[in-house]
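2 protein chains.
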Amino acid sequence: MLELTKDFLDALRLQIEAGRDEELANKVGELHPKDVADIFDALRREEILYLYRLLGPDFKSEVIAELEEDVREGLLSSLSSKEIAEDVIEGLDSDDAADALADLPEAKVEEAMRMVDDVESASEVLELLSYDEGTAGAMMAVELVKVEEDWTVARAIREIRAQASDVENIYTIYMVDDQGRLNGRLSLKSLLLNASSARSKLKDLKDENDLVTVEPHENEEVVVKLMERYDLVALPVIDNDGVLIGRITIDDAVDVLIEDAERDYQLASGISEGVEGKDSIWALTRARLPWLLIGLGGGVGGAYVIGAFDIESNPELALFIPLIAAMGGNVGVQSSAIVVQSLASANVNMGNVVSRLLKELRVGLVNGLICSAIIFSTSLLLNFGWMLSTTVSASLLCVIVFAALFGAFVPLMLEKRNIDPALATGPFITTANDIMGLIIYFSIGSLVATLMT
Amino acid sequence: MLELTKDFLDALRLQIEAGRDEELANKVGELHPKDVADIFDALRREEILYLYRLLGPDFKSEVIAELEEDVREGLLSSLSSKEIAEDVIEGLDSDDAADALADLPEAKVEEAMRMVDDVESASEVLELLSYDEGTAGAMMAVELVKVEEDWTVARAIREIRAQASDVENIYTIYMVDDQGRLNGRLSLKSLLLNASSARSKLKDLKDENDLVTVEPHENEEVVVKLMERYDLVALPVIDNDGVLIGRITIDDAVDVLIEDAERDYQLASGISEGVEGKDSIWALTRARLPWLLIGLGGGVGGAYVIGAFDIESNPELALFIPLIAAMGGNVGVQSSAIVVQSLASANVNMGNVVSRLLKELRVGLVNGLICSAIIFSTSLLLNFGWMLSTTVSASLLCVIVFAALFGAFVPLMLEKRNIDPALATGPFITTANDIMGLIIYFSIGSLVATLMT
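Going down the list, the sequences are from chains A and B. Numbering that gives the first Met the number 0 puts the first residue of the first sequence at 0, with every later residue one more than the last. Numbering that gives the first Met the number 0 puts the first residue of the second sequence at 0, with every later residue one more than the last.
Any given hint could be a false lead.
[As the list claims (entries may be wrong)] Covered stretches of chain B (chain A as the covering partner; in silico rule of three or more C-beta atoms under 8 Å from a C-beta of chain A):
id, segment
1, 161 to 174
2, 335 to 343
3, 362 to 370
Derived from the structure by calculation, the hints contain no laboratory data. Just so it is clear, CB atoms sit at the ideal spot from N, CA and C, and this is done for glycine as well.
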């Protein structure tokens with residue numbers, strides 16, 4: 000793995016400035032395309048274009064396949080239609096080509112399409128562009144190796160030789176009937192081990208077990224779950240009639256898995272868009288602002304709640320406001336996170352909502368009783384007095400139980416309504432629990448004050 | 000994918016109770032092993048054992064490979080040593096066998112080892128058991144297909160036929176020298192396409208490009224990053240001398256990826272152990288308690304801070320305590336999450352700490368100014384008065400900037416000291432920011448009160 004040091008980049012930049020084309024081509028040409036993509040990520044747009052044009056034709060395509068989306072978009076918008084036709088539409092696998100073109104202006108794509116010599120790859124890419132982002136159709140590549148079950152081994156090897164030039168990793172050979180409908184698999188291993196018996200029929204080598212498939216409109220998360228669940232490196236995509244139209248490879252599923260995990264992590268941390276540390280100040284600000292605004296609204300609501308009670312006659316109640324607010328928020332985030340994860344990984348029916356909530360109730364009660372006992376004795380020991388200690392410990396128990404239930408309830412409801420439950424983890428739960436916690440605290444505080452005086 | 004309904008399970012239980020062995024064997028035998036593993040997950044221990052013993056010998060092993068850790072441990076502890084020898088040590092791939100045995104008592108493992116007929120698989124599994132959990136060595140399987148470069152194609156096919164019976168998915172054929180040192184790859188595709196030229200040497204088909212390898216002591220996160228980065232389905236493991244000792248397959252890397260993502264998500268949500276919704280009340284309570292205790296400590300600290308200021312003479316300051324505490328916590332969580340993600344995905348040098356903090360400073364300033372302006376005007380409009388509005392808006396700006404810097408600083412420092420920065424996301428940042436926020440708020444409040452009177 001290339002260590003992208005500042006020295007390396009500085010040297011490279013000097014070579015670009017000095018126009019040392021041959022040195023540059025040699026230096027970069029021996030790297031892994033992924034490493035070159037990382038270098039591009041650190042260069043300015045003119046430097047990227049300069050370096051790109053020094054690469055060999057196949058290598059260009061390999062690098063494009065590895066580029067980050069924003070870098071790729073920048074590069075492609077500087078390329079001529081001819082270059083896009085050759086390096087992208089003809090040079091890339093259909094799925095990568097469709098991904099790369101998805102962000103370009105339509106006019107530019109059409110112009111490039113007209114420059115493509117190989118009409119078939121152009122139409123394949125156009126076909127893939129028609130699937131919605133986030134579906135199996137948008138993830139699949141049309142390049143694959145397929146054979147018919149009544150072929151002989153010898154014919155299969157001939158056909159595979161012809162088909163394989165397009166397919167980088169074969170993984171699995173698909174078996175179809177004369178209508179193109181998928182009906183089995185043929186492992187490279189069994190074909191190889193039977194290569195000498197050239198006249199035997201493929202039918203005898205067919206593996207029909209556990210044939211997992213997906214349809215093109217299916218959500219990409221379903222694809223990832225299937226591939227992970229059944230340890231697949233390639234998943235065939237079939238249309239309504241069972242006709243094999245493409246396949247999804249594990250590398251693309253892994254990319255989706257990582258993106259989803261990052262997005263859920265960001266949602267749980269109150270960040271609303273897919274941002275990275277290297278993004279602009281404005282992008283980072285915008286991604287964070289929504290939660291902060293909800294937090295502001297919650298804070299103003301909290302001020303109203305406190306104002307509605309007679310804080311001036313019991314000003315010592317102010318002391319434990321932060322504790323009550325923080326604990327409500329914490330417990331709510333915890334219980335919503337557990338529910339969101341259960342929902343995301345559930346391959347089994349997770350039981351009905353009521354039993355789930357009853358469990359939360361019990362966990363909340365245990366946690367609440369422990370915390371409540373601790374805060375009661377601590378508060379007495381620290382001389383906060385009976386009234387305040389009673390108020391804070393009783394409120395804490397109520398707040399923890401309420402927050403646990405509420406935190407579990409919201410994502411369960413969202414899931415029922417087919418809304419992504421991960422949305423519930425961040426701002427909404429915390430803010431609602433803050434306000435509810437304050438209402439509970441001051442209600443109990445007023446009650447205790449009345450009873451004790 | 001099997002839908003595990005309550006009805007299905009109830010029917011199955013009745014069949015187990017009634018001892019309808021043949022029906023059960025047929026029903027379960029036609030499922031995917033992963034689906035059977037899910038069924039086991041929902042059954043009681045005696046039911047699992049009963050059903051397990053009805054399965055065919057190979058199918059037993061396949062199901063064991065798919066079981067959840069706790070279910071597998073329960074089942075294995077009920078099996079005889081002979082069964083463990085056959086179904087686990089001989090029946091599973093070496094990596095899966097080592098995983099399954101890792102949780103059993105040593106005496107039981109030794110007893111089972113003595114029952115194994117195939118001495119080689121026993122010693123391979125023992126070898127794998129010697130690697131620390133979380134390393135490449137513990138992830139790898141020793142089953143793989145390797146050839147020597149001066150063999151002919153015909154000999155290679157013969158040898159592969161012999162080796163392949165042990166290896167479920169070949170993916171890649173490794174080329175080694177006469178010392179067993181890895182020096183290239185041979186794709187099944189090129190071997191197949193050259194199967195007819197039986198006398199040509201493998202050397203001519205060798206692919207030496209981009210040979211990514213890993214050593215057995217390397218951390219599993221490095222393995223995952225390499226496989227994801229270079230789109231690998233199998234990663235060879237070599238020892239100090241370059242000798243090929245095993246390979247890691249993408250399905251295991253995907254499992255690690257998912258576990259890591261779940262763990263980071265839980266840490267960010269204040270849950271301290273790998274728990275699932277279906278775990279016991281006590282496990283769920285214990286996993287959540289640590290953060291709650293830190294929160295309690297923070298709350299008591301907050302009470303001291305508020306008590307140290309003269310809240311009784313400015314009781315209206317209490318109104319915005321929740322806002323200040325919540326905003327400090329939110330901003331801190333956001334900025335730490337961005338830093339943690341950058342550190343986790345960084346394949347490039349992420350720049351020095353100072354420039355990173357300067358960026359956070361600027362993002363914090365922009366967010367702080369926006370929020371501060373909003374709260375100032377809102378607070379005036381809502382008649383909270385000049386003193387309170389000035390105090391809360393000035394404090395909010397300071398709190399947001401401080402929390403952004405602190406949230407970024409802590410994970411950066413942890414990373415420098417080789418501590419997992421994900422630990423910083425939850426309790427510590429939030430609690431520290433709560434207390435610091437209160438100190439800032441009441442200091443500014445006192446100052447404003449003094450200036451205005």
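Against the structure, the hints:
Residues of the segment 161 to 174 of chain B lying with their CB closer than 8 Å to a CB of chain A number 4, which satisfies the three-residue condition for coverage. Counting residues of the segment 335 to 343 of chain B whose C-beta lies closer than 8 Å to any C-beta of chain A gives 6; at least three are required, and the coverage claim holds. For the segment 362 to 370 of chain B, the assignment as covered by chain A holds, since 5 residues bring a beta-carbon within under 8 Å of that chain's beta-carbons and 3 suffice.
Checked against the numbered hints given earlier, the structure satisfies every one of them.
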